[in-house]
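**Student:** Here the protein sequences line up with chains A and B, keeping their order. Add 45 to the 1-based position in the first sequence for the working numbering, that's all there is to it. Add 384 to the 1-based position in the second sequence for the working numbering, that's all there is to it.
It is worth saying that the hints were derived from the structure and are not from the lab. Positions of the beta carbon are idealized from the N, C-alpha and C atoms, including for glycine. One or more hints might be untrue.
[Said to hold, decoys possible] Here are the simulated DMTMM-like cross-link-like pairs (lysine to aspartate or glutamate), alpha carbons at most 25 Å apart as the crow flies: (1) B:K693 to A:E262; (2) A:K288 to B:E780; (3) A:K226 to B:D782; (4) A:K189 to B:E780; (5) A:K226 to B:E780; (6) A:K226 to B:E666; (7) A:K189 to B:D782.
[Claimed, not checked] Some chain A residues well away from chain B (every beta-carbon gap over 10 Å; in silico): (8) C87; (9) E142; (10) R144; (11) P210; (12) S247; (13) P320.
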Amino acid sequence: MNAYTYYPGCSLESTACEYDASVRAVFQALEVELHELEEWNCCGASSAHSVNPLLALALPARNLALAQPIGYDLVMPCAACFNRHKSADHALRHDPERRKELEEIVGFTYQGNVAVRPLLEVLTVGVGFERIGERVTRPLEGLKAVGYYGCLLVRPPDVTQFENPENPSLMNQLLETLGAKAVEWSYATECCGGGLSLTKSSVAARLVNRLAERAREAGAEAIVTSCPLCQINLEMRQSGKQKMPVFYFTELMGLAFGLPEAEAWWSKHLIEPRPLLAEIKSLRRAMVGRG
Amino acid sequence: MSRIGVFVCHCGHNIAGTVDVKAVVEQLQRNGDVVFAIDYKYMCSDPGQQLIRESIEKYQLDGVVVAACSPAMHETTFRRTVSAAGLNGFRCESANIREQVSWVHQQDKEAATQKAIEITASIVEKVKGNEILEPLVLPLTHRTLVIGGGIAGMQAALDIAEAGYPVILVERHDHLGGRMAELSGSYLNFRAAPDLLEKKIQQVLSHPNIQTLRNAEVIGLSGYVGNFRVQVKQNPEAEETPVMPLDELQPLTFTFDVGAIVVATGWQPYDRARLPEYGGVEIPDVVDGLTFEKMLREGGVLRRPSDGKIACEVVFVQCAGSRDPEHGVSYCSKVCCMYVAKQAMMYKERVPDGQAYVFYIDIRSAGKNYDEYVQRAMTDYGVLYLRGKVSRVFREGDQTIVWGSDTLTGRAVEIAADLVVLATPMLPSRGSAELGQLLHISTDGYGFFNEAHPKLRPVETLTAGIYLAGVAQGPKDIPETVSQASGAAAKVLQLFSKDEMTASPLVASVIEELCAACGACVKVCPYGARQIHPIWNYATVNAALCQGCGACVVACPNKASQVRNWRVEQVMGMVDRLL
Chain A
46 MNAYTYYPGC SLESTACEYD ASVRAVFQAL EVELHELEEW NCCGASSAHS VNPLLALALP
106 ARNLALAQPI GYDLVMPCAA CFNRHKSADH ALRHDPERRK ELEEIVGFTY QGNVAVRPLL
166 EVLTVGVGFE RIGERVTRPL EGLKAVGYYG CLLVRPPDVT QFENPENPSL MNQLLETLGA
226 KAVEWSYATE CCGGGLSLTK SSVAARLVNR LAERAREAGA EAIVTSCPLC QINLEMRQSG
286 KQKMPVFYFT ELMGLAFGLP EAEAWWSKHL IEPRPLLAEI KSLRRAMVGR G
Chain B
385 MSRIGVFVCH CGHNIAGTVD VKAVVEQLQR NGDVVFAIDY KYMCSDPGQQ LIRESIEKYQ
445 LDGVVVAACS PAMHETTFRR TVSAAGLNGF RCESANIREQ VSWVHQQDKE AATQKAIEIT
505 ASIVEKVKGN EILEPLVLPL THRTLVIGGG IAGMQAALDI AEAGYPVILV ERHDHLGGRM
565 AELSGSYLNF RAAPDLLEKK IQQVLSHPNI QTLRNAEVIG LSGYVGNFRV QVKQNPEAEE
625 TPVMPLDELQ PLTFTFDVGA IVVATGWQPY DRARLPEYGG VEIPDVVDGL TFEKMLREGG
685 VLRRPSDGKI ACEVVFVQCA GSRDPEHGVS YCSKVCCMYV AKQAMMYKER VPDGQAYVFY
745 IDIRSAGKNY DEYVQRAMTD YGVLYLRGKV SRVFREGDQT IVWGSDTLTG RAVEIAADLV
805 VLATPMLPSR GSAELGQLLH ISTDGYGFFN EAHPKLRPVE TLTAGIYLAG VAQGPKDIPE
865 TVSQASGAAA KVLQLFSKDE MTASPLVASV IEELCAACGA CVKVCPYGAR QIHPIWNYAT
925 VNAALCQGCG ACVVACPNKA SQVRNWRVEQ VMGMVDRLL
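If we strip away everything but chain A, and leave its shape as in the complex, we get (with noise of 0.2 Å):
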C-alpha cells in the first residue's frame, strides 16, 4: 500500500505542529501519499472516556465512518488518539451490540475493512525500514538515543495488537536504520505521566525526572518518542540542569533526509536540541557546505 488517510488529531495543529510539519515531510520525502481526513473530528481523548464510555467511543467511531468508504489504511501520529481510534475498532469488530449501538448513532455501516494504524507501525513495517534506509542522506552518526513509546501505543496489548507490547523494538531498529545509536533501556514504555501534567504536575514532574535520569544513565542524550503529549510533558516537566531533548522520530527521520524544513521544527521545542545536533557530524558538515 503506498497511500494512507491521514488523522492528525488536535495536538498536531497545536502544540504539536512540528510533528504534524515533519510527518507530511517525511511522506513526501518517501513518496507514500498521504490524505487527511477531510471533515474530522477530535477522538475525545482523555476527557470522553472518563466522563462517558459510549462517547468515548462514538467520537472515534465517527472518523471510522468517514476513512472507511476511503478506503485506506488510518494513519495516527498521536499515541492517544490511536489508542481511542483502535478502542472504538475493536469494540466494532467484537461486540455485536456495542456495534449496534454504534451504527446507530454515526449513522453508518461497520465494514471493517480500514485498518487503525499508529504511525510508527505504518513507517516502519507498512513502508519499511529498507525504504527508510535508502532515502538517508546524512546518518546521525553520533546521537545516542533512547526510544521511547509511553503507555498508550503499546496497551492495552489486546486492544493495541502491538509488536511485543512489554519490550517493543520498532523505535530502536528505526534509530539504527537512520544511523544513530539505539540506546538499551527498561523505561521504553513506562508512563511519563502526561495525563497529570497539568492537574497534579508533582506527579508528573518525577516520573518525567526519572525517565529523563534513566536514560541518561544508560547512556542516552536524547529521548524519541512518537506521541505528541509525552514529548511535550517530558520537556515541559524536566527540571534540573542538565535537560535531555525529546524528539520525535519524524524529526530525525527528517534530519537524517537531509530535508532542508527541518531548522523551522526546533523552535517549537521547550528544550532547545540545536547544541546536540551541531555534534552530529553529517550535520556539521551540511551546515558547513550551506552557509
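Starting from the known structure of chain A, arrange chain B on it as the hints suggest.
**Tutor:** Chain B in isolation, oriented as in the chain A frame:
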C-alpha cells in the same frame, strides 16, 4: 386384569400437607387394575415396607406403585422391598408426588391432589406392561491400567497391586517419579523429595503384580467398565536394544484387557514467555519455582544463573500468572504459598546473610501445621513478606529490578534483586485434552479432568471404571495427591470385589424385523452402544454400554428401537391415561 397395589406415602407433612392422600387412595381404588390401595405416614420406614410386603402376599399383587418421593430417592429401596416378598423388583415403580407435586404446588391443594391422582394412575398404566427382568451379568477383568508414573500413579498402582490384582503402569518418560522427582525437598520437614520417592519407585519396580512400561503412551481404548481394551505404544529405549541403530527401531504396540483405569497424568509448568512483564524467558536471573528447585538440588550456595555471583537478594513472586484471568489462569494453584515458604527458608539456609522477599496477594496455608510453617519463614528465617502484586521485572545492568506495591504501607517498592523466582501456575500435562477424548472423560476449560461430582465423587469420572488421581484432576500437593490416589485405588478394589458385574437390564433392544438398518440410532447414541450388524444388517445394542436413555427410541423412524419397560405401548398407555 392386573393385580396392582398402590401405596400412597404422606412423607410426614411433606406430601400430606398439600396433597389429600385419602382422595388419591380413593380415586385409585376405582381403577379396575388396582386391587388394593392404602396410604401410610412413611412408606420407606420399616413398618411402611412391612405393609407393602404383607399386602403383596395378602392380595396376590403382581405389581406395585409407590406414590411418594422421586425414584432417584427410593426406587431402589422399594424394589428391594417387593423382591423380598417374592415379586420381581422391576414390577415396582415410584410415582413422584413429592418433588413434582407437593413441593411445587403448595399454594393450590386441590390442583395438587388432582395432579397426584393423575401421575399415580399413569404409573399404574406403566406397571401393567412392565416385564419381569433380571440384572445383566457381565464379565469383569481384574486388571488395572494406571496412566502416569508420578507419585499419584505409583501410589494407586501399589495399593491395587498389594491387594493382589495385576497393574499395568504406563509412563510417558523414561523414568518413574514424575514432577516429584524434580523437587529438592518437601515442605514441613525439608526431607529431600527424591529420597522419599526412591523407595516408592523401588517398590513399584520390584512388585510382582506391577508391570511398568516406560517411554509408553496410551493410544487407543475400546470397551467399557470391567472390559476395557487398551492399546499402548512404547518407544524403544536405546540402551536396552543396542543391536540396532536407533533410527531403525520401531515403536512397539501392545494390547491389554483391563477392567479399570486410573488416570494420573499430573501437570506441567506454565510457559514463562506468557509473562513478558516479569521478564518472560529473556532475563537469565528470572526463574520459575521448578527451576529454583533444580538450583537447590544442585546443592551449595545459590548463585545467579547469569554470572555465578552469590544471590544476595532473592524475590519470590507468588501468583505469577495464577488467579489472573488476563494471563489465562483464573485459578489458584494451591501449593505455591507453601513451597515458596519452603524455598525461601532453604535459600536462607544456603545464604544466611541473604535477604528473601515474598510478594503475595494472600497466604493460603490451609492444612495441618501449614500456617505455622509459613510463620516460621517470617519469624525464624526473617523472610520479608510484602502484601501486593509485582508490576514489572526488568534488567538494569547486572541486576534484576522488581517493581511492586506493598499494600499494607501503601507504598511502591523497588528491589534490585539478584534472582527472581516466579511461582507460576500448575497446568495440566501436555496432551490431557487429547487423552480425555480418547478415554471419553471430560476436561475443564484448562484441561484438568472432571470428577463425577465435585464434593461426593471426587475420584471418579462420569465414565464408569475410569478414576482420577493427583493433579490431573486439579492442583494439589503431595499428601492430597497420595490420598486421592489411595481413594482411586479403593474404588478400583470395590469394583474388583465381585467376580462378575451386574448392570441394569433397563436398556434398549431392537425389534429386528422392523429395523431398516438406517443407522439413525448409531449416530444419536451418546454411549457408542449401537452398531449395525455387519452380516445380519440390523442395529444391535451393546447392553453393557447402553444407559437406557432412549435417544435411539426417538430417532428410530420404524419404532424398532425400544427401551425395556419403557416400550412404546406402555408410554402411550400412560399418555392416554393423562389426557
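**Student:** Hint by hint, say whether it matches the structure.
**Tutor:** Verification of the supplied hints:
1. B:K693 to A:E262: Holds, because 23 Å separates the two Cα atoms, which is no more than 25 Å.
2. A:K288 to B:E780: holds, 22 Å
3. A:K226 to B:D782: holds, 21 Å
4. A:K189 to B:E780: Cα-Cα ~18 Å, so holds.
5. A:K226 to B:E780: holds, 19 Å
6. A:K226 to B:E666: Holds. K226 of chain A to E666 of chain B sits at ~22 Å (cutoff 25 Å).
7. A:K189 to B:D782: holds, 21 Å
8. C87: holds, 30 Å
9. E142: holds, 21 Å
10. R144: The claim holds: R144 of chain A sits with its nearest Cβ about 24 Å from chain B, beyond 10 Å.
11. P210: For P210 of chain A, whose nearest Cβ neighbour in chain B is about 7 Å away, the distance does not exceed 10 Å, so it is violated.
12. S247: S247 of chain A clear of chain B: closest Cβ-Cβ about 15 Å, beyond 10 Å.
13. P320: holds, 29 Å
Violated hint: 11 only; the structure is consistent with all others.
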